[in-house]
Every structure is written in C-alpha cells, then in structure tokens.
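Number of protein chains: 2
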Amino acid sequence: MTHDTKLDLVLERKIDLPVAPLWACWTRPELLKQWFCPLPWRVTEAEMDLRPGGIFSTLMRGPDGEEHPNVGCFLEVVTERRLVFTDAMLPGFRPAREAFMTGIVVFEPNGSGTHYRAAALHATAEAREKHEAMGFHEGWGKATDQLVALARSL
Amino acid sequence: MTHDTKLDLVLERKIDLPVAPLWACWTRPELLKQWFCPLPWRVTEAEMDLRPGGIFSTLMRGPDGEEHPNVGCFLEVVTERRLVFTDAMLPGFRPAREAFMTGIVVFEPNGSGTHYRAAALHATAEAREKHEAMGFHEGWGKATDQLVALARSL
Numbered sequence: 426m427t428h429d430t431k432l433d434l435v436l437e438r439k440i441d442l443p444v445a446p447l448w449a450c451w452t453r454p455e456l457l458k459q460w461f462c463p464l465p466w467r468v469t470e471a472e473m474d475l476r477p478g479g480i481f482s483t484l485m486r487g488p489d490g491e492e493h494p495n496v497g498c499f500l501e502v503v504t505e506r507r508l509v510f511t512d513a514m515l516p517g518f519r520p521a522r523e524a525f526m527t528g529i530v531v532f533e534p535n536g537s538g539t540h541y542r543a544a545a546l547h548a549t550a551e552a553r554e555k556h557e558a559m560g561f562h563e564g565w566g567k568a569t570d571q572l573v574a575l576a577r578s579l
Numbered sequence: 426m427t428h429d430t431k432l433d434l435v436l437e438r439k440i441d442l443p444v445a446p447l448w449a450c451w452t453r454p455e456l457l458k459q460w461f462c463p464l465p466w467r468v469t470e471a472e473m474d475l476r477p478g479g480i481f482s483t484l485m486r487g488p489d490g491e492e493h494p495n496v497g498c499f500l501e502v503v504t505e506r507r508l509v510f511t512d513a514m515l516p517g518f519r520p521a522r523e524a525f526m527t528g529i530v531v532f533e534p535n536g537s538g539t540h541y542r543a544a545a546l547h548a549t550a551e552a553r554e555k556h557e558a559m560g561f562h563e564g565w566g567k568a569t570d571q572l573v574a575l576a577r578s579l
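Protein chains in written order, with this note's numbering: chain U, 426 to 579; chain E, 426 to 579.
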C-alpha cells in the first residue's frame with residue numbers, strides 16, 4: 426500500500442499484541458464502541474455488517490451532548506488482515522451525498538506482534554488538510570492507545 | 426436486489442443467450458468498446474482491472490469530437506453473476522470529487538437464456554431525474570441492443 430502524501434493521512438504503529446484481539450476490537454460493535462472515539466467523546470451506537478456494501482454506522486457523542494452520526498459501508502473485509510470502509514457510499518453501494526474519507530486498516534503479523542497501519546484517503550488536498558487540522562494525528566493516536574489497552578485486556 | 430424507485434433507474438431484459446458471452450462483452454475492454462455507448466457515440470479507450478478497487482475507466486467520444494472521460498472503480502466482481510462499479514470512488518477506493526452513480530449488473534441464468542438486469546443507483550432524486558432526462562431508458566436500451574448483437578456474434 427503506497428500513499429499519496431498530499432491526499433492521505435497515515436498512522437503506523439508496531440503493537441506488541443497479535444492481530445486477533447486487534448481485529449476483534451475493530452469488528453465487534455460492542456468492542457468498537459469502547460475505543461473508537463478519543464475520550465471524552467464516545468461511540469454510543471454502532472452497526473456493522475462485515476461484507477462489501479454492508480453498513481458501517483456509528484453515532485459519536487460529545488461531552489456536552491453533541492451528536493455526530495456517520496453512516497457508510499465496508500468495501501473490503503479480509504479477516505485479520507485488511508479492513509476498508511468509506512462514507513462516500515451508503516450501504517448497498519449507493520453514492521452518498523457527500524464524501525469525506527475512505528479508511529484502510531492493515532494488520533500485518535510481525536513476530537509475536539502486529540505492524541498496524543491505518544490510513545485515511547481523501548478526495549482533495551483541502552479535505553486532507555481539514556482532517557489534519559481537526560486533529561487527525563492526536564485523535565487517531567489517542568484512539569489507537571485506547572484500542573491497544575482494550576485489546577490487551579481481552 | 427430491491428430498488429428504491431425514487432433513486433434508482435433499472436433496465437431489465439430477458440436475453441436468449443447464455444451468460445458467458447454477455448459477461449465477456451461487459452468485462453473485456455476490446456469488446457466493451459464495441460457496444461457500451463449508443464451510436465453514434467463510441468468508447469475509444471477502456472481500462473478495466475476486474476477486482477474491488479480496480480480501475481474502470483472509459484473515454485466516450487461523440488460524433489463531433491466531444492470527449493467524456495469517466496473514471497471509477499469496481500466494487501464487486503462475481504464471475505458471470507454480478508458486476509458492481511461506481512464513479513463515486515477512484516481506483517484504490519479514494520473518494521471522488523463528485524459522484525454520479527453506482528452501476529449494478531446482474532446476470533441470472535434462465536433456462537438457456539439470461540435474465541439481465543442493470544441498475545443505476547444515485548445519491549439523490551435530483552440525480553436520478555437528471556439521468557432519466559439525459560435519456561437513460563433510450564440510451565441504455567440502445568446500448569443493450571448493441572450488447573446483445575455483439576454477444577450473439579461471438
């Protein structure tokens with residue numbers, strides 16, 4: 426997977442856990458809800474149908490009751506290896522009215538651990554810059570800390 | 426496959442040919458170019474990488490030299506059964522700047538023939554109406570006549 430530095434944002438980390446618990450945290454809604462948003466935001470609802478065209482929907486709630494619903498679909502599901510999803514398409518592959526990003530998460534076994542890489546692909550450099558200004562690196566970093574802590578506890 | 430009549434346009438036809446030659450006409454660029462546009466428009470260039478996220482690109486040329494490039498990607502490729510593609514995403518699943526439609530083509534064996542169904546899914550009722558006004562029914566109908574004639578000649 427190569428990325429276009431003008432359009433993509435990438436988080437890469439070597440994690441000292443095998444792929445299985447990380448995959449579980451990414452693909453089981455009751456686990457996803459526990460780490461997917463950096464606190465104090467929380468995911469309060471999550472729906473996942475793990476197949477191409479299947480729904481991936483979350484509701485994020487802020488500390489003051491703000492609500493950010495997000496609905497999209499999965500594009501590729503390769504168990505314990507690769508997960509691709511987007512908000513550019515609704516379930517059943519219908520084009521969405523507005524697109525923000527495609528997410529590509531790759532889990533590569535690395536000895537007893539995992540080489541983990543999560544990328545956000547955007548349509549334009551402006552969308553990438555907006556995402557970076559929204560706090561991509563800090564937000565995805567904190568969420569990944571939460572992911573690792575949860576996976577370690579399983 | 427059920428459709429939303431406010432958002433989708435559907436062409437359905439029983440064709441007295443087996444699936445194989447129809448599938449070939451849809452998936453081999455040198456064949457696709459011969460039928461995909463209703464004459465006098467022609468597809469002069471076609472690139473297809475038949476896997477999820479793989480390129481589906483065509484260049485349509487009009488009788489007065491007009492050019493309509495279209496680039497998107499495949500979303501599902503089930504040999505001789507189902508082909509899904511969109512212009513809402515570029516190759517590699519990057520969101521496109523603008524989305525017009527997702528195409529879903531289903532080939533169902535029906536005795537010695539094929540029950541053929543091609544649907545265009547849009548994001549909004551306005552996009553669907555625009556596509557209908559552009560001549561969806563006549564255009565896709567004529568192209569399908571060309572598809573059947575070419576498949577019969579193989």
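Derived by calculation from the structure, the hints in this document are not laboratory data.
Please read these numbers as outputs of a predicted model, since none were measured by experiment.
Some clues are possibly wrong.
From the derived model, a few chain U residues whose C-beta atoms are all more than 10 angstroms from chain E [stated by the list, open to error]:
#1 P443
#2 E455
#3 E470
#4 E501
#5 V509
#6 T511
#7 A521
#8 R522
#9 A524
Here are the in silico distance ranges between beta carbons for each label pair [unchecked claim]:
#10 T427(E) - G560(U): 19 to 27 angstroms
#11 E492(U) - E551(E): 50 to 58 angstroms
#12 A558(U) - K439(E): 33 to 41 angstroms
#13 H493(E) - S578(U): 31 to 39 angstroms
Every residue gets a Cβ at the ideal spot worked out from N, C-alpha and C, and that includes glycine.
To see whether the hints hold, each was checked on the structure:
P443(U), annotated as away from the interface, keeps every beta carbon of chain E farther than 10 angstroms; the closest lies near 26 angstroms. Distance to chain E confirms E455(U) as a non-interface residue, since its nearest Cβ pair spans about 27 angstroms, more than 10 angstroms. With a cut of 10 angstroms on Cβ distances, E470(U) stays outside the contact zone with chain E, its closest approach being about 23 angstroms. A beta-carbon of chain E comes within 10 angstroms of the beta-carbon of E501(U); the shortest separation is about 6 angstroms.
Not every beta carbon of chain E lies more than 10 angstroms from that of V509(U), the smallest distance being close to 6 angstroms; the non-interface claim is violated. Distance to chain E contradicts T511(U) as a non-interface residue, since its nearest Cβ pair spans about 6 angstroms, not more than 10 angstroms. Remark: the non-interface label on A521(U) conflicts with the geometry, its nearest Cβ contact in chain E lying 6 angstroms away (cut-off 10 angstroms). With 10 angstroms as the threshold on Cβ separation, the claim that R522(U) sits away from chain E is violated: the shortest Cβ distance comes to roughly 5 angstroms.
Not every CB of chain E lies more than 10 angstroms from the CB of A524(U), the least distance being 4 angstroms, so the non-interface label is violated. Take T427(E) and G560(U): their Cβ atoms lie about 40 angstroms apart, and the range 19 to 27 angstroms is violated. Restraint check, E492(U) to E551(E): a C-beta distance of roughly 27 angstroms breaks the suggested window 50 to 58 angstroms. For A558(U) paired with K439(E), a C-beta distance near 55 angstroms fails the hint of 33 to 41 angstroms.
H493(E) and S578(U) have their C-beta atoms about 55 angstroms apart, which leaves the hinted 31 to 39 angstroms range violated.
Violated hints for the displayed structure, listed by number in ascending order: 4, 5, 6, 7, 8, 9, 10, 11, 12 and 13.
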